[in-house]
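Protein chains: 4
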Amino acid sequence: MIKAAILGATGYAGAELMRLLSYHPDAEIVYPASHSYAGKKFSDIYPGMRGVCDMILREDDIAKAAEEADVIFLSLPAGLASSLVTPEILSKAVVIDLGADFRLHDKSVYESWYKTEHHSPQLLGEAVYGLPEIHRDSIKGKRLIANPGCYTTCSIMTLYPLVKSNLIKTDGIIIDAKSGTSGAGRSEKLGSLFCEVNESIKAYGVTTHRHTPEIEQELSAAADKDIVLQFTPHLVPMNRGILAVCYARIENGVTEDDVSAAYSIYENEPFVRILDTLPETRFVKGTNLVDISWRLDKRTGNIIALGAIDNLVKGAAGQAVQNMNIAFGLPETEGLVTGAGCPF
Amino acid sequence: MIKAAILGATGYAGAELMRLLSYHPDAEIVYPASHSYAGKKFSDIYPGMRGVCDMILREDDIAKAAEEADVIFLSLPAGLASSLVTPEILSKAVVIDLGADFRLHDKSVYESWYKTEHHSPQLLGEAVYGLPEIHRDSIKGKRLIANPGCYTTCSIMTLYPLVKSNLIKTDGIIIDAKSGTSGAGRSEKLGSLFCEVNESIKAYGVTTHRHTPEIEQELSAAADKDIVLQFTPHLVPMNRGILAVCYARIENGVTEDDVSAAYSIYENEPFVRILDTLPETRFVKGTNLVDISWRLDKRTGNIIALGAIDNLVKGAAGQAVQNMNIAFGLPETEGLVTGAGCPF
Amino acid sequence: MIKAAILGATGYAGAELMRLLSYHPDAEIVYPASHSYAGKKFSDIYPGMRGVCDMILREDDIAKAAEEADVIFLSLPAGLASSLVTPEILSKAVVIDLGADFRLHDKSVYESWYKTEHHSPQLLGEAVYGLPEIHRDSIKGKRLIANPGCYTTCSIMTLYPLVKSNLIKTDGIIIDAKSGTSGAGRSEKLGSLFCEVNESIKAYGVTTHRHTPEIEQELSAAADKDIVLQFTPHLVPMNRGILAVCYARIENGVTEDDVSAAYSIYENEPFVRILDTLPETRFVKGTNLVDISWRLDKRTGNIIALGAIDNLVKGAAGQAVQNMNIAFGLPETEGLVTGAGCPF
Amino acid sequence: MIKAAILGATGYAGAELMRLLSYHPDAEIVYPASHSYAGKKFSDIYPGMRGVCDMILREDDIAKAAEEADVIFLSLPAGLASSLVTPEILSKAVVIDLGADFRLHDKSVYESWYKTEHHSPQLLGEAVYGLPEIHRDSIKGKRLIANPGCYTTCSIMTLYPLVKSNLIKTDGIIIDAKSGTSGAGRSEKLGSLFCEVNESIKAYGVTTHRHTPEIEQELSAAADKDIVLQFTPHLVPMNRGILAVCYARIENGVTEDDVSAAYSIYENEPFVRILDTLPETRFVKGTNLVDISWRLDKRTGNIIALGAIDNLVKGAAGQAVQNMNIAFGLPETEGLVTGAGCPF
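Protein chains in written order, with the working numbering: chain F, 4 to 347; chain D, 4 to 347; chain G, 4 to 347; chain P, 4 to 347.
Everything labelled a hint here was simulated from the structure, so no lab data went into it.
It is possible that some hints are incorrect.
As the list makes no split between identical chains, a pair holds if one copy fits it or if it spans any two.
[Claimed, not checked] With a straight-line Cα cutoff of 27 Å, these simulated DSSO-like cross-link-like pairs (lysine-lysine) come out:
1. 67 - 44
2. 44 - 192
3. 301 - 118
4. 167 - 228
5. 95 - 67
6. 301 - 172
7. 44 - 6
8. 228 - 118
9. 228 - 67
10. 67 - 301
11. 6 - 192
12. 110 - 301
13. 143 - 301
14. 172 - 228
15. 110 - 143
16. 167 - 145
With the rest of the complex left out, here is chain F (with noise of 0.2 Å):
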């Protein structure tokens, strides 16, 4: 039995990844804490969870947590993680991070985009960038996992196939994504209002979103060049899901055989869904599933490469037990469901 601590344990993500290790049969929660929380029962705060996680919830306390588990997973606010992770914890436990301090290689590239100091630039080569289906066999053995953002997972994931075949211009990608609101978290905000909310589409970070460096990252990796992309995130009137809608021009010759070719890289993931219709998010929704569908437009010469994720599980919590399964040896798929229902 893994034994895990959560930090940041009553954030939607937190909270999705107590859910998640609740019913996970080879894991339990041992450490769950919450900075704002600390001493109430979990299932006050999250009420659907009342008889199945009534733990106390503890202090933000990583060095308490390393005495007391094997894992521990990071939900904090950008800045944090990186001011808090030590060899010493890592010693102990493995981390697993869902924030950003330790997903971007460049210690520059982090601080530019996200305004902040980064605190353990000594770790970020100690660090994996968790995104199993592209780094599987690196995530085995590590002690630091970055677990990839949920625009980014759900971008990259669509992508990627064509970058390392070489099927597309690697300049001119555009990314167009849109995100349920559990993506802005539970703080309270104006902008998260219901009201506020309902009713209504916006594009937000427009040119500026932190994700992009992630994204250009991975994809400039696997294509061996620099890549600068476009990517424009939009909030929907919904609680979860996230669709990337990526455009590229394809190279002279591409074919649509060419293209499933390349696509056919992710034939034996258990997570990956290659699909003839276009993905819709309610049908990934609860799971760990990454949908992706696809269109040659022989009249523009792109392109359109549609992805689907749910955000908080793909996009964050599910990923991340997914990341804990391969560190730990476990089957992959293990908690993690790959069908969902609907409506839900």
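Position chains D, G and P against the provided structure of chain F, taking the given hints into account.
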């Protein structure tokens, strides 16, 4: 391994049952059937289930189903089940009917509220009303189980302890219930269009809703006298969930301790949670739970008892699985969820 | 041209009032004020109004407002209005208070339900309860108008004819009301976040909601005896709208014709529609209308009367304009809408 | 007083037009018609309009309409308008067609995208593309006005200044557009059910949507060369609103001042607002406005231009009224709203 047939597998309740059974450790679907989609893959109709349940849908043929299955679930329009079920079918398979045909013991009550003929009144005596928390012992060994309605499950379970313990006056009970839109089913009706439901709330079926006699039948049995009550359903712009708010006048001298004692009848029930806080449908979404709370109002002499369920789970497919578990001697919670994530 | 001041112009009710007055042919806003946003443009807070109302917001200073305005609208937290309004202010301007401070005639009832001191009980006698359909004649010429609450407007108007005509028993009245989320206001509360409201319904304030004594006061006056009733509000995942479903036992011998006759009291009211069909909040959205319908249930001996309004219009800002129109001798419907688009 | 006929008065666009004309100071509806509901009251189909427009709906008979009306609005399925409009009709009434039949100048382009025959190609030369901000002068005096599509209005108006001023490369333009569900119309389709739309987002019509050639036609004319572009629409779980996010590569040396200057073409337009902040559909809901904003991204060399409209107003009925106002020499904003309440 219990072999299961589902007739009406592509309605919302039927599809939810397909999903639950797909993950059930001791059951397997052998005969999924759909009048509208026979010959097609279930996962083409419900793409969320691709990779999990890709079975071909068959004709709604109960005789064939009975040849192959140990249990037949019926999720059909009112009046159809009573024309399909026969002693011969029942000799071959347990039938769990998610529809209304076998819920009312009295044929004339059925015909008066449903405005349709009952085709097999001789079977009414063999059917058990499948609300496990009240009729568990009678369910065991029965061949014909009438799975309760969604509104009725929520309403009966909320009021039953008060009636059973004689704490309330049995005249003047009012149930004001609210349901998500999946309760209206998947048929292509104007009133179910997104733009006709969204951003609005309405009552419907005022004084005439068919779930009324079902609630009256069960509460009358508990009270051992005839109860006539007011039931008003509402349509809420959300996918799932029922909230039943029940009003009754308390008998003289009834205290909060009396009420607590009455509800303690549920204390070992795996699917019932008695709350101090008020129930919200989101906290039972996707689960087989009933969340119940109550308030005594000394000012008015009323008790307000509130119950919440997921209409497609405890209100339909989940309760059907619970009944199957009981009928076949499995642990009652098998394949069913007792904690809800949030937001979902 | 009536010169209008609005204190609390950036809450949802205040902003709706700003919108209505911006289009009013005989009124102009001269003093828009906001405690939180003083110094900013109204249209920077409400960008939908850019180009229509770009005025700079001023301090919530009632004395200054009284110097410049003929009418002062107050849309402030409970307890604040009663500390601001003075005879001197009233000598300079008509005050229409959208809050609760002057609605209840009895100071002790106010203090008991609102748990706060009333700062100007001596003015209670000068205030009129501004429900035009009941108190129109008293509103004319008054200097202090207490604009009714949203739930109360809907509940009182639905039940008033039945009480006034002695058609129902006055004990045992139950009002089960449902409101859109704008009723919770624009403050940054966890419970108002999109992900906490969406896909759920809940009751709140059961037995304790502050609108209860307001409804009781008005219906008691109509009945000429004390009425104690049960009021239960709910939060619905939609922006706007209130539906009040009212249950009462009819007096012996009451017929449908009696009920029709009772409601004919409204037949010349420009903002009341008596329907054969059941009301839905979408059909009054954005309007100052009250849609009312009812059903007599001979089976139970109850009448179910249903009313629907837009909580921000007839339940707040629209009714405030209606009161202004009456107080200043304008046509009562001026600047107000009596038809709803759909879908909206 | 302009006498107006509306054929197709009970679809969402037709009904919105009924609403707008009901309040228009210089127009009156004389011939409201509906194929499905002829003989019924308009307000029985749209109860929100009870008391405002209770006219009896007539048959969709354009000849009769032309006898009684000065202007005929058509809101009909594709292909029907082109079989109804004749020179004789046009000699009697101005026709404003909300459908697609007269929008494309080239019959073969129409037939290729719409997969249906065009029945009156000889009239294409007499039709004007009724986008007032671009073709105002041509609209005056025309008898046949092709009211633009919803996506197209939003997309063209957002991109037109950039194209007209030669600031962007005309190859590689991408429009990623998102629409509320009323855009799918009022027909009883599975895909429009509440439970199929709610809590999800999807793209549809990728590479094949019929609004593509309409956008290309207008932008090609502005550029004076052929433009081929990528257009992708999405379905959003909300009633109303379109957001078009347009991506293009800027020409060398283009500055923010150049872009501002290009958009100043709209500075006297009553229905266009150029914003510093990003547009949100809620801020134009219920109005005839187009909100536009843009961002230059030096990192990528792209401009992202964003436009928002209400699909039923500026995207359909409101623009039709605007066209009527122009055609009949009325003030262009008459009967149209230029400010949005919030939340709505």
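Q. At most 27 Å between C-alpha atoms: does residue 44 with residue 192 qualify within a copy, between copies, both, or neither?
A. Result: close both inside a copy and across copies, 24 Å intra and 21 Å inter.
Q | 27 Å Cα threshold - placement of residue 118 relative to residue 301 | A | between (42 Å within a copy, 19 Å between copies)
Q. Using 27 Å as the alpha-carbon threshold, which applies to residue 67 and residue 301: within, between, both, or neither?
A. Neither way: residue 67 and residue 301 sit 59 Å apart in one copy and 47 Å across, limit 27 Å.
Q) How would you label the pair residue 6, residue 192 (within, between, both, or neither) given a Cα cut-off of 27 Å? A) neither (34 Å within a copy, 35 Å between copies)
Q. Can you tell me if residue 228 and residue 118 fall within 27 Å by alpha carbon in one copy, between copies, both or neither?
A. Answer is within: at 26 Å inside a copy they meet the 27 Å cutoff, but 44 Å across does not.
Q. Given a CA cutoff of 27 Å, do residue 172 and residue 228 count as a within-copy pair, a between-copy pair, both, or neither?
A. Both: 12 Å inside a chain and 25 Å across chains, each within 27 Å.
Q: Could you figure out if residue 301 and residue 172 sit no more than 27 Å apart (CA to CA) within one copy, between two copies, both or neither?
A: both (15 Å within a copy, 19 Å between copies)
**Q.** Up to 27 Å CA-CA - residue 301 versus residue 110, copy category
**A.** For residue 110 and residue 301, the Cα distance is within 27 Å only across copies (22 Å; inside one copy 41 Å).
(Q) At most 27 Å between CA atoms: does that hold for residue 110 and residue 143 within a copy, between copies, both, or neither? (A) within (24 Å within a copy, 61 Å between copies)
Q | Within, between, both or neither: residue 95, residue 67 at alpha-carbon 27 Å | A | Within. Shortest intra-copy distance 11 Å satisfies the 27 Å Cα cut-off; inter-copy 60 Å does not.
Q. Taking 27 Å as the upper bound on the Cα-Cα distance, should residue 167 and residue 228 be classified as within, between, both, or neither?
A. Within one copy, since 11 Å is at most 27 Å while 36 Å is not.
Q) From the Cα coordinates, with 27 Å as the cut-off, is the pair residue 167 and residue 145 best called within, between, both, or neither? A) Within. Shortest intra-copy distance 24 Å satisfies the 27 Å Cα cut-off; inter-copy 55 Å does not.
Against the hints set out earlier in the document, violations occur for numbers 9, 10, 11 and 13.
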